[in-house]
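Visitor: Residues per chain, in single letters:
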Amino acid sequence: MSSTFLGMPATPPRSPYGTGNLRGDRKFPAAAHDELRNEQLRRNLGKATHTIRAKRLNVTGELPDWEQLRDAGSAIKTDTMNRLPELLEQLEQQVTERGGTVHWARDGVEANEIVTRLVRATGSTEVIKVKSMATQEIGLNEHLESAGITPYETDLAELIVQLAHDKPSHILVPAIHRNRDEIRQIFLKEIPGVDPRLDNVPAHLAAAARAYLREKFMTTKVAVSGANFGIAETGTLSVVESEGNGRMCLTLPDTLITVMGIEKVLPRYQDLEVFLQLLPRSSTGERMNPYTSMWTGVTPGDGPQDFHLVLLDNGRTAALADRIGREALNCIRCSACLNVCPVYERAGGHAYGSTYPGPIGAVLTPQLAGMHAAKDDPNSSLPYASSLCGACFDACPVKIDIPSLLVELRHQHTEESGTTAEKLAMKAAAGVMKRPKLFTAAQKAAELGRVLGGRDGKISHLPPPFNGWSDSRDTAAPPKQSFRSWLASDEGAATMRAAADEYDRNQQEEEK
Amino acid sequence: MTTARATVLGRVRDALALAPTQDTTIPRDYRTGRTLPDDERLALFTDRLVDYKAKVHTCTAARTAEVIAQVLDGLGARRIGVPAGLDEQWLGAYDGDVQQDSADIPAPRLDALDGVVTASAVGCAETGTIFLDGSPDQGRRALSLVPDLHVCVVDLSAVEVGVPEAVARLVPERPTTLISGPSATSDIELERVEGVHGPRTLVVVIRVDA
Ligand code: SF4
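Each protein sequence line maps, in turn, to chains A and B. Numbering that gives the first Met the number 0 applies: residue 0 is where the first sequence begins, and numbers increase by one. Numbering that gives the first Met the number 0 applies: residue 0 is where the second sequence begins, and numbers increase by one.
Don't read these hints as lab results, they were simulated from the structure. Here the structure is a predicted model, which means the values were calculated and not measured. Hints should not be assumed to be uniformly reliable.
Said to hold, decoys possible - Here are the simulated lysine to aspartate or glutamate pairs, EDC-like style, with alpha carbons at most 20 Å apart:
id, chain 1, residue 1, chain 2, residue 2
1, A, Lys54, B, Asp28
2, A, Lys398, A, Glu125
3, A, Lys220, B, Asp110
4, A, Lys398, A, Glu414
5, A, Lys54, A, Glu344
6, A, Lys398, A, Asp70
7, A, Lys46, A, Glu61
8, A, Lys166, A, Glu189
9, A, Lys166, A, Asp305
10, A, Lys398, A, Glu181
11, A, Lys54, B, Glu188
12, A, Lys215, A, Asp106
13, B, Lys54, B, Glu65
14, A, Lys215, B, Asp110
15, A, Lys54, B, Asp22
16, A, Lys374, A, Glu344
17, A, Lys215, A, Glu125
18, A, Lys166, B, Glu188
19, A, Lys54, B, Glu190
20, B, Lys54, B, Asp28
21, A, Lys374, A, Asp393
22, A, Lys46, B, Glu190
23, A, Lys398, A, Glu141
24, A, Lys46, B, Asp113
25, B, Lys52, B, Glu172
26, A, Lys46, A, Glu214
27, A, Lys215, A, Glu181
28, A, Lys166, A, Asp198
29, A, Lys374, A, Asp70
30, A, Lys166, A, Asp64
31, A, Lys54, A, Asp393
32, A, Lys54, B, Asp103
33, A, Lys215, B, Asp50
34, A, Lys398, B, Asp132
35, A, Lys398, B, Asp22
36, A, Lys220, B, Asp22
37, A, Lys220, A, Glu189
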């Protein structure tokens, strides 16, 4: 019997250590150090992030009610988390009534087993897949392969990554670290029967992928997808995409298995009016992505007649149990925060070691999988993979306050590991963060360039464990990276001390 | 034994008990219920469709068959699939081969078609989006997906200004596909390539008096 029956809530567990793809094999500073040497990667990334950024600003600027949409999106997600138990039960009931089957998975291992069992039951030894972060997170492909089932990724970028035996490096454009010549080489080597005269023109490369996947779409009996949204009220699931591979996977096979994190549920069908505006404009910088599919259970004579929904926890409830950290669950995976992040732009997605890179990865990964002090966990370095410049907060369509979450996680990490110097600094930072005015003043001071980096304008030293990263690089500090430096300056230290004192006094008074 | 369902739901309840929540009211003061005169809606819709590389024709309902025949001939489409509930007169001026779809035709056979002609459920001007909902004049999802050309007829009266207005007209239980231009990818060095797996050509015929 679970302890809940006694009215004693237990802290939910994180994703089990050593499973799935929520942890790199070394800390961010070391990983970033190597990535920083990769000129090609940095050029590709720089071009990509700046292009998408410009497009996003264009199309978000077109809407006079963009801020109102963000407010609505943020509130809907918060409301969702508040009512998660009833909404999940409602979703389950609706999907079941419409002919689908709902499964629950405590963690990635269990989800992998469920999917494998379902695929085996069809007799198929192949599945086609639509880009899905949840299945990447749990390492479904590796698990299927070990069970003798071949998964075919059908999103072009995912296909490139899969054929190259590589890992995704960006939420939206996972193969952004590869250029056209590399992709041509990968296709020539890995696609059976590809025309040996294939050149490096993107349209021709895309056509080669189309020809290769066409046959898979027409013949494979089982598809595995993720979901962008699951509507509790109606049981409707939704996949947002560009290439049409999603439509193929969701429409042509006999069996569809959708793996969805429990935080992806939305209360009402009407809520789509908000998210179908927020997501495409923030993600690809388009007014609307080319294709969005919405399906509810099973429709006789149209699409898969056997539909399974796997609801995945895998550490999400552990994040939900954190009053501050739970905000990270509001993420709709648009990738806007990656594209504006100066640290991501230089280090690339692989340095984060997790399915979720960039600013959101730095807050989500440690919460899903934990930061195990005793094990010298690479994830414990992630909350420091940021300059706290705040660009991610401004870009986020659901207004997740990523900088504050990072500070909170740093705090938790220092509490856990007992680094006293850091502990103090974090206490001070917590004080500042709770005072918007002071925080703004601090940021302004930093932006004015009064306290840029070290004497030579380069970041020469940061507190541990971020120091490994700053020590190993010799590029000039981007202007916005200076908040952290300001924190280390005399002026910053004095302000922080004052803030910390005041904060402590307030705390004591509150306790009285 | 405790089921995974009970465990996960128990954890969610525990999490909310450990970190109590605050009531949230959802501000919905973004734009809803917008209307625009026909000519402005048409102009906006057309602009957005063209921007995302769809080909657009406008006509009166009386000229539907004529325009469809012109479009198909112009693209050299000789074998066309249609959903069972499509108005027969729409293909009245077309002299190619017309095949009526049914659920028992295997999807790979649709690959042999040069194109497909369907109606649509709703349109959204501000985003240049067409909504298909599987009604008899639109057919099953595979029909408008597998062939390389999709000619889609949209009545201007079904074109709403923005996303909230369009979503309000949808029937949630129906399998719904939102289409905004032909399929595209930017996965290779962020260079946009039109046409990957879905129809590489999307032609929209807007009927201004229907
Ligand atoms: S945190 Fe916000 S900006 Fe970043 S991916 Fe999630 S929704 Fe997008």
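Visitor: Is lysine 46(A) close enough to aspartate 113(B), meaning Cα to Cα at most 20 Å?
Guide: violated, 38 Å
Visitor: Given the hinted pair lysine 215(A) and aspartate 110(B), is their alpha-carbon gap at most 20 Å?
Guide: Within the cut-off at roughly 13 Å; holds.
Visitor: Take the C-alpha atoms of lysine 215(A) and aspartate 106(A), compute the straight-line distance between them, and say whether it is at most 20 Å.
Guide: Since the Cα atoms of lysine 215(A) and aspartate 106(A) sit roughly 30 Å apart, the hinted pair is violated (cutoff 20 Å).
Visitor: Given the hint that lysine 166(A) pairs with aspartate 305(A), test it: the Cα-Cα distance must not exceed 20 Å.
Guide: violated, 31 Å
Visitor: Lysine 374(A) and aspartate 393(A): Cα distance at most 20 Å?
Guide: violated, 35 Å
Visitor: Holds or violated: lysine 215(A) with glutamate 181(A), Cα cutoff 20 Å?
Guide: Distance ~24 Å between lysine 215(A) and glutamate 181(A) Cα, so the pair is violated.
Visitor: Are the Cα positions of lysine 398(A) and aspartate 22(B) separated by 20 Å at most?
Guide: holds, 18 Å
Visitor: For the pair supplied as a hint, lysine 166(A) and glutamate 189(A), is the alpha-carbon distance within the 20 Å limit?
Guide: Within the cut-off at roughly 16 Å; holds.
Visitor: Given the hint that lysine 374(A) pairs with glutamate 344(A), test it: the Cα-Cα distance must not exceed 20 Å.
Guide: violated, 29 Å
Visitor: Do the alpha carbons of lysine 398(A) and glutamate 181(A) lie within 20 Å of each other, as the hint requires?
Guide: It is violated: about 37 Å lies between the C-alpha atoms, which goes past 20 Å.
Visitor: Check the hint pairing lysine 398(A) with aspartate 132(B) against an upper bound of 20 Å on the C-alpha distance.
Guide: violated, 32 Å
Visitor: Is the Cα-Cα distance between lysine 215(A) and glutamate 125(A) 20 Å or less?
Guide: holds, 9 Å
In summary, the structure is inconsistent with hints 1, 2, 4, 7, 9, 10, 12, 15, 16, 20, 21, 23, 24, 25, 26, 27, 28, 29, 30, 32, 33, 34, 36 and 37 from the numbered list given earlier, while agreeing with the others.
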